[in-house]
Amino acid sequence: MLRSEKRSLFRFLSIYLSSTFLLFLLATFIFYHFQKHHILDQQYNELNLEAKRINQHLGELSSTFISPLIYPYQKPFDSAIYNVDKEYIFGSFQPKDIIWNQEYYQTEKRLFHLYPVYPYYLGTAYLLVSKELNLEPINDLFHISLLFLAIAGTFFTLLGLFLGRLFIAPMKESISKMNRFIEDTTHEFNTPISTILANIELIETFYDCEGKKELKRIEIASKTLSRLYEDLTYLKLNHNYHRDIETLNVSILIHERIENFKTLIEAKALMLILEIDESIVLEIDKNDAIRMVDNLLSNAIKYNQKRGQLKVKLNREKLLIFNTGMGIKKDEIKDIQRRFKRANKSEGGFGIGLDIVGQVVERYHFKLNIESMYTNYTEVTVIWKR
Amino acid sequence: MEKIVLFIVLVSTVLSAEITEKELQKNCIACHVEQKIPSSLIYRRYLRRYSTHRAIKKNLFLYLQNPIRENSIMPKQFFLKFPQKEASDLNKSMLKESIDAYLEHFDIKRQLILP
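Protein chains in written order, with my numbering: chain U, 639 to 1024; chain L, 81 to 195.
Incorrect hints may appear among the rest.
[Stated by the list, open to error] Derived DSBU-like pairs: lysine-lysine, alpha-carbon spacing no greater than 35 Å straight-line:
no., chain 1, residue 1, chain 2, residue 2
1, L, Lys-161, L, Lys-189
2, L, Lys-189, U, Lys-906
3, L, Lys-161, U, Lys-747
4, U, Lys-724, L, Lys-172
If you're looking for bench data, these hints aren't it; they were derived computationally from the structure.
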């Protein structure tokens, strides 16, 4: 799967799953809340029925004159009777901190029901009935709600994956077509470019030609085309390309690559400053290193001003390439690494250079830092240390 | 010393309770028994109406000072069966003490038990 496909799928899934999850979380919360109240109402209803039973018995006891009067206590309920001044008369328990203005209330472990009595049988104005809160059905409900969320989450994740793949299918097809086109086109480029470059070299070696200036221009244009071919091939094969990681002397490689760009540097009359430490080695695939260095150098030359400055610095910590070009606007620095994004459209290219650099940096866990002042300079640093 | 004081207080409380109980028997219960007036029923009826001993005491005191039908909560039939009481000749404090003893004697809390 391509990076862009992954990103699109990930974005779609995050929006789809987070909104679905939020909706289900809300629905489950409301369901749980209502069901919990329903369970509590059932338990309160039991208290109410018990209160009515006790009240009836109190009425009967009120007309009984044979002592002792047996209080209508029945497990698992506890109850107590209070007079109109809320003073305790009798009961199976004597709770503290009674909430007199609430018909039903709940403490951590118990449920209470305050039942008003009139006429005041045996002086009773208030009957307080209580029982232990049965947490089992509430816990069961909580577990069912969680299970429902888990099942719904799994189902919608799978559905999301299926839908996501369905949505990105047209995009995938377009990308495949484009890749096939690039592959075919670049393949057709290769032979003529190689022929031009080989023949220029032959002319330069064996013939003393009058049009040297024109020949240089042809060489520059051909090398530019050649690098474009290399970049496009690299992007196309990047995923299936087998890397040969080796201990590479980057110092030598950079000298070689600068030599390769010499014609371009001379054409722009750039002042080249080299601060390259010797024998800097990296564990890296040579082609990856070439593509990264070439693209950085190519950009630094391409976007430099005529008779500008090009500084290349290499040491154990970093590779720094500095140019006194047009610079990049501050708000564009973040976007510049995206494929097909170009800081200045007046120069040629497809805008794939920094994308390739970004891919190499990411693959080898380097760090890329771009510092720029618009219309003044750009400094690109690749830091080797992780 | 503290134990002695506590003992004296306890003995005096028991003695005074016994005295009040005797007074109650003499001033109230004896006559009620003789005339077969159901004291327990009267207590329950007052309890059902007023709920607290404080309210019962206030209303009984009013009735006993001026025993007319309007000051009583007993039904009409009750007075057809039992004679209308004459005003008590007990002084106010004696009357209040007797009412207290009466309420204490029939106190519902003493009669209730758990099964």
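Hint check results:
1. Lys-161/L <-> Lys-189/L: holds (30 Å)
2. Lys-189/L <-> Lys-906/U: Given that 35 Å is the threshold and the Cα spacing comes to 113 Å, the pair is violated.
3. Lys-161/L <-> Lys-747/U: At roughly 54 Å apart (the allowed maximum being 35 Å), Lys-747/U and Lys-161/L break the hint.
4. Lys-724/U <-> Lys-172/L: Measuring from Cα to Cα gives roughly 29 Å; hence the hint holds.
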